[in-house]
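J.: In case you want the letters, here they are:
Number of protein chains: 2
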Amino acid sequence: MSDQVFIANFKDHIGKEVTVKGWLYNQRSKGKIQFLQVRDGSGIVQAVLGKGDVPDDLFARCDHLPQESSIVVRGVVREDKRAPGGYEMSVKHVEIVQESQPYPIALKEHGVDFLLEHRHLWLRSRKTHAILRIRARIIKAIRDFLDNDGFVLIDAPIFTPAACEGTTTLFAVDYFDEKAYLSQSGQLYMEAAAMAFGKVYCFGPAFRAEKSKTRRHLMEFWMVEPEIAYGTLEDVMQCEERMICYIVACVLKDCRKDLEVLERDIAKLEKIKAPFPRISYDESLKILAEKGNALPWGQDFGAPHEEILCNMHDNPLFVTRFPAAFKAFYMKPDPSDEKYVLGADLLAPEGYGEIIGGGQREDSLERLEKKIAENKLPSEAFSWYLDLRRYGSVPHAGFGIGVERTTTWICGIHHIRETIPFPRMLERIYP
Amino acid sequence: MSDQVFIANFKDHIGKEVTVKGWLYNQRSKGKIQFLQVRDGSGIVQAVLGKGDVPDDLFARCDHLPQESSIVVRGVVREDKRAPGGYEMSVKHVEIVQESQPYPIALKEHGVDFLLEHRHLWLRSRKTHAILRIRARIIKAIRDFLDNDGFVLIDAPIFTPAACEGTTTLFAVDYFDEKAYLSQSGQLYMEAAAMAFGKVYCFGPAFRAEKSKTRRHLMEFWMVEPEIAYGTLEDVMQCEERMICYIVACVLKDCRKDLEVLERDIAKLEKIKAPFPRISYDESLKILAEKGNALPWGQDFGAPHEEILCNMHDNPLFVTRFPAAFKAFYMKPDPSDEKYVLGADLLAPEGYGEIIGGGQREDSLERLEKKIAENKLPSEAFSWYLDLRRYGSVPHAGFGIGVERTTTWICGIHHIRETIPFPRMLERIYP
Numbered sequence: 001m002s003d004q005v006f007i008a009n010f011k012d013h014i015g016k017e018v019t020v021k022g023w024l025y026n027q028r029s030k031g032k033i034q035f036l037q038v039r040d041g042s043g044i045v046q047a048v049l050g051k052g053d054v055p056d057d058l059f060a061r062c063d064h065l066p067q068e069s070s071i072v073v074r075g076v077v078r079e080d081k082r083a084p085g086g087y088e089m090s091v092k093h094v095e096i097v098q099e100s101q102p103y104p105i106a107l108k109e110h111g112v113d114f115l116l117e118h119r120h121l122w123l124r125s126r127k128t129h130a131i132l133r134i135r136a137r138i139i140k141a142i143r144d145f146l147d148n149d150g151f152v153l154i155d156a157p158i159f160t161p162a163a164c165e166g167t168t169t170l171f172a173v174d175y176f177d178e179k180a181y182l183s184q185s186g187q188l189y190m191e192a193a194a195m196a197f198g199k200v201y202c203f204g205p206a207f208r209a210e211k212s213k214t215r216r217h218l219m220e221f222w223m224v225e226p227e228i229a230y231g232t233l234e235d236v237m238q239c240e241e242r243m244i245c246y247i248v249a250c251v252l253k254d255c256r257k258d259l260e261v262l263e264r265d266i267a268k269l270e271k272i273k274a275p276f277p278r279i280s281y282d283e284s285l286k287i288l289a290e291k292g293n294a295l296p297w298g299q300d301f302g303a304p305h306e307e308i309l310c311n312m313h314d315n316p317l318f319v320t321r322f323p324a325a326f327k328a329f330y331m332k333p334d335p336s337d338e339k340y341v342l343g344a345d346l347l348a349p350e351g352y353g354e355i356i357g358g359g360q361r362e363d364s365l366e367r368l369e370k371k372i373a374e375n376k377l378p379s380e381a382f383s384w385y386l387d388l389r390r391y392g393s394v395p396h397a398g399f400g401i402g403v404e405r406t407t408t409w410i411c412g413i414h415h416i417r418e419t420i421p422f423p424r425m426l427e428r429i430y431p
Numbered sequence: 001m002s003d004q005v006f007i008a009n010f011k012d013h014i015g016k017e018v019t020v021k022g023w024l025y026n027q028r029s030k031g032k033i034q035f036l037q038v039r040d041g042s043g044i045v046q047a048v049l050g051k052g053d054v055p056d057d058l059f060a061r062c063d064h065l066p067q068e069s070s071i072v073v074r075g076v077v078r079e080d081k082r083a084p085g086g087y088e089m090s091v092k093h094v095e096i097v098q099e100s101q102p103y104p105i106a107l108k109e110h111g112v113d114f115l116l117e118h119r120h121l122w123l124r125s126r127k128t129h130a131i132l133r134i135r136a137r138i139i140k141a142i143r144d145f146l147d148n149d150g151f152v153l154i155d156a157p158i159f160t161p162a163a164c165e166g167t168t169t170l171f172a173v174d175y176f177d178e179k180a181y182l183s184q185s186g187q188l189y190m191e192a193a194a195m196a197f198g199k200v201y202c203f204g205p206a207f208r209a210e211k212s213k214t215r216r217h218l219m220e221f222w223m224v225e226p227e228i229a230y231g232t233l234e235d236v237m238q239c240e241e242r243m244i245c246y247i248v249a250c251v252l253k254d255c256r257k258d259l260e261v262l263e264r265d266i267a268k269l270e271k272i273k274a275p276f277p278r279i280s281y282d283e284s285l286k287i288l289a290e291k292g293n294a295l296p297w298g299q300d301f302g303a304p305h306e307e308i309l310c311n312m313h314d315n316p317l318f319v320t321r322f323p324a325a326f327k328a329f330y331m332k333p334d335p336s337d338e339k340y341v342l343g344a345d346l347l348a349p350e351g352y353g354e355i356i357g358g359g360q361r362e363d364s365l366e367r368l369e370k371k372i373a374e375n376k377l378p379s380e381a382f383s384w385y386l387d388l389r390r391y392g393s394v395p396h397a398g399f400g401i402g403v404e405r406t407t408t409w410i411c412g413i414h415h416i417r418e419t420i421p422f423p424r425m426l427e428r429i430y431p
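Here the protein sequences come in this chain order: W and B.
Take 1 as the starting number for the first sequence in our numbering and just add one per residue.
Take 1 as the starting number for the second sequence in our numbering and just add one per residue.
Because the hints were derived from the structure by calculation, they are not lab data.
Treat each hint with caution, since some may be false.
Each pair may be met inside one copy or between any two copies, as identical chains are not told apart.
Said to hold, decoys possible - Here are the simulated SDA-like cross-link-like pairs (lysine to any residue), alpha carbons at most 25 angstroms apart as the crow flies:
| hint | residue 1 | residue 2 |
| --- | --- | --- |
| 1 | Lys51 | His110 |
| 2 | Lys16 | Gly150 |
| 3 | Lys108 | Leu262 |
| 4 | Lys140 | Lys376 |
| 5 | Lys213 | Phe176 |
| 6 | Lys327 | Ile372 |
With the sequences and hints as input, model every part of the structure.
T.: Dropping the structure here:
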């Protein structure tokens, strides 16, 4: 690959002869001239091939080459504002590596079931490319933000002996002679790690066996869970704000072309700026009632409620002070009124809804033991977790941010399934 | 936390009054003066408390405070070469957040079973700290190296419909009405992704249900799998060399104190330098026979064989041209002699053995179909994988590097279980 140049790096090779190794994305002919659109994974370039540039039989073969045939093209890079991508190549040599069989995904619309069944090929499309590049940039932004902010990466285990928030939505695994469950959150482990390292995060896949088919759910998704010893709800909310602003800034800086491919309204992303508005759960209920979507106190939001609330602001919206009743056992009650917990969800704007859940954790041994008993959770399984309140308990707080939900919002697309390379859904584990 | 300062940042606060929020690591008294060793996750500092600095009853309490009690200490930072860590604090104020129950892990030796059972607390020890900080640095180095080298992160799925290399070592999951398996490698998915993005990698947990109890095996471990379209065995070997050199350089630069805590022989790491020596499988057999550890041709190395080979060099050692017989079905045979495959393993020095396996993949549809049939693999499950050879097949190659094995070697420690925050072993999924 010594003289291979990636299309993304063409700006450094203008006027030079280079080799591109890729696939035929599209082709059109104008008599003695052929325009081969070649993609190499980093971009697409138009390679201009004139009759006489290559032997006649090769020229003829190129004229009927199926889409996605693998080809190596050698030629001179030319800047051309009119060309898609801004560059053209004047071809001097073509090597057909493999003539593809007729490609199942033509450059036209297909049903989503067909595309999901061919996800291994659908990955090659421009839109999928744009989304997954943005996903990779978001992940890098999150990691860089946390690493530079003094957080230590501590990977949480995937195999866990017990449920974090109940067992109904867990996938069970036969672990030799025991039963194990796939983690749906690394949070409890991050609490242990925060007591050791101060500021920590885990970043890995999480699993929820929810029989739901909404456009916001996956069975397998990626989550980042920072946890801060001696941190408060206010600390994590400020950390979330800074992180979201950093993510958006990175994507705007490095992925502008990808956003354009997705026809994203970039102006909306450019408006994201800390501090984010805050609203309490009780205030939310008033607004929802005014907007004709009343919810009884003590019930959790559904997607329509979140949509109404987050559509009211350009920025993400914090909803705070939820009723303890429908929040997890480990959340710390608000000392000023124990009906509420010291938690906050962050809802993305433009109707995208929750992307982060966070809050302060119960740090009292006695109260936590009571909660575990009330929730009828298997107390032996939580014995180690209770140890964290026996040996130097401290106030602490954290949050979890969903990678795919964040990507869906930033990309401005409809369905979460396109934001992960190989989506796992209720009726899909193939390919 | 507005005025909280982390011990790791003390160099910027010499002579200033700061607040440290942490835990009591150790304590000793000399009459009217107490030396409190306080750890805050980022480091350990000696806080010097004189009688009269705080109220008498608080001074008396501090004198009997159990290890790991949570305390907030306010005082002035002083440079002191004799102090462990290089700094001291002259305490002006102490707040005891929680008096710990008697701490089960005293500052003495414990058996490993006891420590593993208390992993959530063991995380707080100095040695564990050093290892997991190095682990985090290695992970960051790998990601930075690949991101800067034009690779796109494409997360492979964890739930898979079929086995990559046979089903005997797979964990099975009930996936609603289907059976799914936990991924033991993302490679096949990376091959699909490389055809779309050119250069890709996945980085996630992998699972092997091997009933093995060696010091080199975990049931759940983290793996990085880069894949390069149009890449050859030579390309991936050079990529591996550059990556390993980069990882070692980052750890030497940023984790010197951690290496010292582990009493790592740093000179050995400083010798790591590309190019790495290479030896063929057949040559290896000759050496093994000479050293009294003969192995019949066609059998894979065991740990003792790897140990002999990698002890012969300061650098990691490539072993190439393995017999096809014991390598995976997707490996490309060496065109010059099809008994061998175009693969290479990288063995870490100092007896640590294999940390990377890699090679070129079979790119011919016909040959791959034959291999799948010969290996009696479920061909429907591989239908999508075969598509990659139908639609623009290209030569391609990749490798997989194990995070924990690499960390074990770089830390210079004996057992892999200490290199992951919550190890999952044959008889351990707790805590």
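J.: When the hints from earlier in the document are held up against this structure, which numbers fail?
T.: Violated hints: 1 and 4; rest satisfied.
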